[in-house]
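Work out the full structure: start from the sequences and follow the hints.
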Amino acid sequence: MQAVIAQHLTYSYLEKSKNRAIDNISFQVREGEFWAILGHNGCGKTTLARHLNALISPQKGELVVAGLDALANANIWKIRKACGMVFQNPDNQFVSSVIDEDLSFGLRNFGVSEEEIPNRVKVALEAVGMAGYEKRSTHFLSGGQKQRIAIAGVLAVEPDILIFDEVTSMLDPEGRRDVLNTMQRLRERGKTIIMISHYIEEAILADRMMLLHDGKILGIGTPGEILPDIELLNRTGLTPPMAVRAYYDLKAAGITLKECPLTNEELVEGLCQLR
Amino acid sequence: MSITLDSVFYTYAPGTPYASAALKNISFTVEKGEFVGIMGKTGCGKSTLIQLIAGLLTPDSGAVLLDGKNINDKNYDRNELHRKVGVVFQHPECQLFETTVERDVAFSLKHFGWSKEKVQSAVERALTMMGFDYEKVREKSPLEFSGGEKRRIAIAGILAAEPEVLILDEPIAGLDPLGREAFLVLVKRLNEAGMTILMISHNADALAEYAERIVILKDGMLFRDGVTREVFSDMDELQKNGIGVSEARQCAALLAERGFDVAKDTICYEDLLKQMIAIGRGQQ
Amino acid sequence: MNKMTTVKKSIITAVCIALCVVLPQAFHAIPNAGSIYLPMHIPVLLCGLICGWQYGLLCGLAGPLFSTLITAMPPMAYLPPMMVECAVYGCVAGLMMKLVHTGKVYADLYISLVAAMLAGRVIAGIAKAVIFMPGKFGMAMWTTSYFVTALPGIVIQLVILPTLVFALMKARLIPLRYSKEA
Amino acid sequence: MNQLPTGMYQPGTSVVHQMKANIKIFCFLILTGAVLMAETIWGYAVLVLFSGCLIYFSKIGLQTALSSVRRLIWFLIIIFVMNLCFYGPENPWIKIGIFAPSYEGLMQGVHIAVRVILMMVIGNVLMVTTAPLVLTEGMETLLLPLKLFRIPTEQIAMILSVAMQFIPTLFEEADMIKKAQIARGARFDSKKLLDKAGAVMPLVVPIFLAAFKRADELSLAMEARGYRTDMARGQRKFGMPTGFEWLAIITCSILCILQILCL
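If you read the sequences in order, they're chains E, A, P and V. With my numbering as the guide, the letters of the first sequence map in order to residues 172 to 446. With my numbering as the guide, the letters of the second sequence map in order to residues 278 to 561. With my numbering as the guide, the letters of the third sequence map in order to residues 9 to 190. With my numbering as the guide, the letters of the fourth sequence map in order to residues 18 to 280.
Everything labelled a hint here was simulated from the structure, so no lab data went into it. Note that the structure is a prediction, hence the values are computed from the model and not measured. Worth double-checking, as some hints may not be accurate.
[Unchecked claim] Far from chain P, by Cβ distances over 10 Å, these chain V residues were calculated:
#: 1; residue: K37
#: 2; residue: C70
#: 3; residue: G114
#: 4; residue: P149
#: 5; residue: A191
[Said to hold, decoys possible] Once the Cα atoms are required to be at most 16 Å apart in a straight line, the calculated EDC-like pairs of lysine to aspartate or glutamate come out as:
#: 6; chain 1: A; residue 1: K517; chain 2: A; residue 2: D496
#: 7; chain 1: P; residue 1: K178; chain 2: A; residue 2: E375
#: 8; chain 1: P; residue 1: K178; chain 2: A; residue 2: E547
#: 9; chain 1: P; residue 1: K178; chain 2: A; residue 2: D496
#: 10; chain 1: V; residue 1: K230; chain 2: A; residue 2: E547
#: 11; chain 1: E; residue 1: K422; chain 2: A; residue 2: D496
#: 12; chain 1: A; residue 1: K517; chain 2: E; residue 2: E440
#: 13; chain 1: E; residue 1: K189; chain 2: E; residue 2: E204
[As the list claims (entries may be wrong)] So the derived label-pair ranges between C-beta atoms look like this:
#: 14; chain 1: E; residue 1: D240; chain 2: V; residue 2: P28; range: 48 to 56 Å
#: 15; chain 1: E; residue 1: E372; chain 2: A; residue 2: A459; range: 50 to 58 Å
#: 16; chain 1: E; residue 1: A423; chain 2: V; residue 2: R204; range: 54 to 62 Å
#: 17; chain 1: A; residue 1: E308; chain 2: P; residue 2: K11; range: 40 to 48 Å
#: 18; chain 1: P; residue 1: R180; chain 2: V; residue 2: W91; range: 18 to 26 Å
#: 19; chain 1: E; residue 1: V294; chain 2: A; residue 2: K551; range: 16 to 24 Å
#: 20; chain 1: A; residue 1: D513; chain 2: E; residue 2: V294; range: 49 to 57 Å
#: 21; chain 1: P; residue 1: R180; chain 2: E; residue 2: K231; range: 18 to 26 Å
#: 22; chain 1: P; residue 1: V138; chain 2: V; residue 2: L159; range: 21 to 29 Å
No residue lacks a Cβ here, since even glycine has one placed at the ideal position from N, Cα and C.
Given below as structure tokens:
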């Protein structure tokens with residue numbers, strides 16, 4: 172089953188403008204896949220993400236999310252239920268300063284019964300590793316914890332697809348690790364995850380990745396296919412991971428590793444294998 | 278211009294449940310022209326520290342000295358402090374408010390008594406330095422620009438005053454890779470021209486590459502203060518305390534684990550690469 | 009930017025209510041700020057101008073109330089007349105923006121603001137005379153407390169509020185009133 | 018402004034602390050009515066006695082209960098003196114220029130002063146025993162009857178909850194903006210009227226821009242989480258009042274009725 176099917180999506184904020192936020196985007200995400208969408212600021216990542224959550228309806232092209240046609244107005248709320256979205260700034264996502272109140276927000280919106288709400292809240296908090304935080308205030312949490320609560324708020328509605336729109340960009344390294352670990356856990360539970368980021372290191376975790384530049388797709392493939400292509404990364408305005416850079420610099424010095432490493436572990440392994 | 282903190286103590290909101298980020302007995306001196314990186318976990322007191330240096334907070338006890346003069350003395354000239362110490366806060370783009378870019382950048386020059394020509398040339402210089410075409414942007418509203426551009430305009434507003442000390446709080450957080458690189462190169466250039474730089478960052482790679490000295494705070498106390506190379510060489514201890522080290526340093530540690538001979542003070546990519554080439558050649 | 013959804017108007021109202029609490033505190037260090045700048049009126053008027061009369065009304069009622077609850081300022085005894093005054097500000101500002109369409113944003117804003125500030129002061133004065141302090145609140149006291157001491161505040165608000173509206177339009181946080189201006 | 022104000026709330030375990038916020042606000046409203054209705058000496062005496070009991074049961078101490086009275090003491094004295102001197106000029110004790118103190122004036126002055134003090138004491142008890150957040154939650158339930166007038170109470174409750182949640186964040190943000198502008202050399206102390214307006218611009222404009230940006234992002238996040246104002250949502254449920262709470266409501270109501278009857 173395909174979680175997302177996008178065909179020739181095109182969108183511009185000012186109608187009839189030549190300045191397109193996204194331009195002729197086509198891709199398919201299979202259920203349970205972890206996608207990373209990368210590009211520099213203003214490349215159209217966020218516009219694309221908002222399409223997937225029906226915050227923006229497609230101007231041109233076709234989009235099917237979780238089997239629902241995004242062009243049909245009647246599907247908007249169904250899509251938002253099936254496809255949750257977590258945003259960049261953890262402070263701007265809470266509707267209540269009491270955690271369980273905030274988590275019940277989405278549930279009440281989608282008509283979950285009052286009896287079921289406490290249980291759903293509990294399960295969602297456990298899933299992000301914040302069990303027992305129901306009655307706490309959001310104001311005394313660290314950035315990473317806040318973002319995990321925001322994820323729990325989306326998770327409580329039990330969506331099949333989760334979109335993370337630069338959720339780590341305002342966090343410190345510890346918070347980032349926290350949130351990335353949470354994503355990994357969700358992926359193991361079979362959720363489809365689409366992560367938008369400009370940290371190339373985060374893309375290494377993904378099954379497939381997409382490079383966006385000026386609203387156009389420059390490349391789609393596995394990290395193993397995309398990341399070693401330094402020329403492509405440069406065109407997108409990204410810098411390659413250190414291991415990839417080292418691979419080419421070593422090659423230039425006459426040392427060729429068996430295959431291009433993506434992580435430092437693989438790089439060290441590669442050096443060992445020269446023996 | 279040298280900055281000295283002499284056994285500074287500070288408590289936030291004493292006696293309330295919100296009491297936080299206290300500084301305890303902080304002493305160190307930054308000499309003119311240094312590039313100092315400041316690290317520490319969120320809530321360790323980094324931001325308090327720079328606010329004390331900028332004279333925005335007054336220490337409970339101890340003194341903050343600029344060129345040997347206590348900035349909290351009654352007869353210390355605050356205007357001089359604001360002129361000599363430029364502070365780029367986190368998300369500086371939030372400070373913009375004027376109707377045109379030119380007026381906003383010139384805002385901090387208002388009280389200097391400079392001539393119109395001097396103000397204009399300072400504004401032009403600062404905007405050009407931040408990569409703008411002065412004539413093109415001067416009449417535009419600063420609010421119309423994109424996030425990254427706004428940040429550059431705001432920073433131009435600080436640089437226009439030609440401060441001797443530049444304090445930066447997480448200046449590259451949220452920028453994309455190219456923006457990050459360009460900004461760090463610019464800061465390095467300013468530093469080479471004699472400006473003292475204090476930069477708070479979580480980005481250990483950036484600090485490893487550019488800062489000469491690292492100060493690390495932990496729970497409001499000075500945890501490390503030393504040459505970048507030496508501070509980062511103690512990787513295990515830092516990581517145990519929640520401080521990340523540069524990627525090159527981590528990679529060097531991985532190599533050492535596998536029995537390769539790698540110097541402990543390998544913190545930049547260039548150093549690492551040289552040693553990896555040596556290792557590779559040895560292997561072959 | 010297109011028209012604002014009701015969700016967005018609601019949340020703008022919420023931040024304006026929050027600013028009724030925050031702004032007076034932010035002005036704290038400025039001498040006499042409370043009586044000169046009347047900081048609590050700014051978010052209320054702005055909310056009315058941008059979101060409409062219902063939202064302005066709510067902001068005018070809830071803003072002072074929250075401020076009393078959280079910062080204990082204004083004191084409980086001043087709260088009811090203050091709520092009436094602010095509610096009228098927000099409400100009238102919103103109504104006037106709906107009724108007045110001169111084709112110039114500045115003109116619309118000035119007319120709406122002046123009308124709102126006059127109406128608020130008149131109605132708060134009547135309310136005080138009739139309900140809150142019957143017998144002791146006369147014409148002389150009303151003119152003094154609402155106009156003479158507040159005059160600088162009125163002038164300052166006529167400068168601040170249009171500037172704010174324009175800044176928000178420029179930053180594309182609220183839609184343009186007339187598509188040509190910007 | 019390093020410090021986040023928590024209002025007057027002081028945690029405690031007294032019976033008044035433990036009452037539900039909506040019941041407390043309801044009682045407060047009834048009592049306010051009673052104070053406004055009071056006309057006779059006996060009416061006031063009963064209310065003073067009741068306030069005394071209230072302070073005793075809430076265990077907050079006389080000091081705290083009277084704290085805001087002390088802050089407004091000059092205001093009270095001025096009101097008292099004005100009433101004393103101007104209220105009943107028909108048969109004054111003595112007439113000096115426009116000052117004409119009289120018995121009626123004295124009574125009117127006492128009347129107003131006692132009324133204000135009583136209101137403040139009762140208000141203080143409410144605010145000292147209830148955390149601000151809980152107070153707003155309490156208010157939300159009291160809004161429910163407005164539904165009869167087709168007022169969108171759920172939307173209002175949501176707005177109030179979001180406003181409450183934003184206050185600490187905006188406090189911090191406003192503080193940082195202020196510091197940043199001071200570091201840029203902003204001065205807030207100019208003398209001329211129009212300069213004064215200009216002087217606060219560096220503070221006001223960025224604070225509003227930041228706040229509206231937050232509003233923009235949050236409204237988007239709420240829509241993404243399925244919020245819509247055009248459809249009924251689930252509602253939080255509140256428990257029935259406990260025995261003590263019924264007692265409190267009944268006592269307050271009796272007080273209010275007594276005051277009306279004493280008229």
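### Message
Checking each numbered hint in turn, tell me which of them this model violates, lowest number first.
### Response
Violated hints: 4, 5, 8, 9, 10, 11, 12, 13, 15, 17, 18, 19 and 20; rest satisfied.
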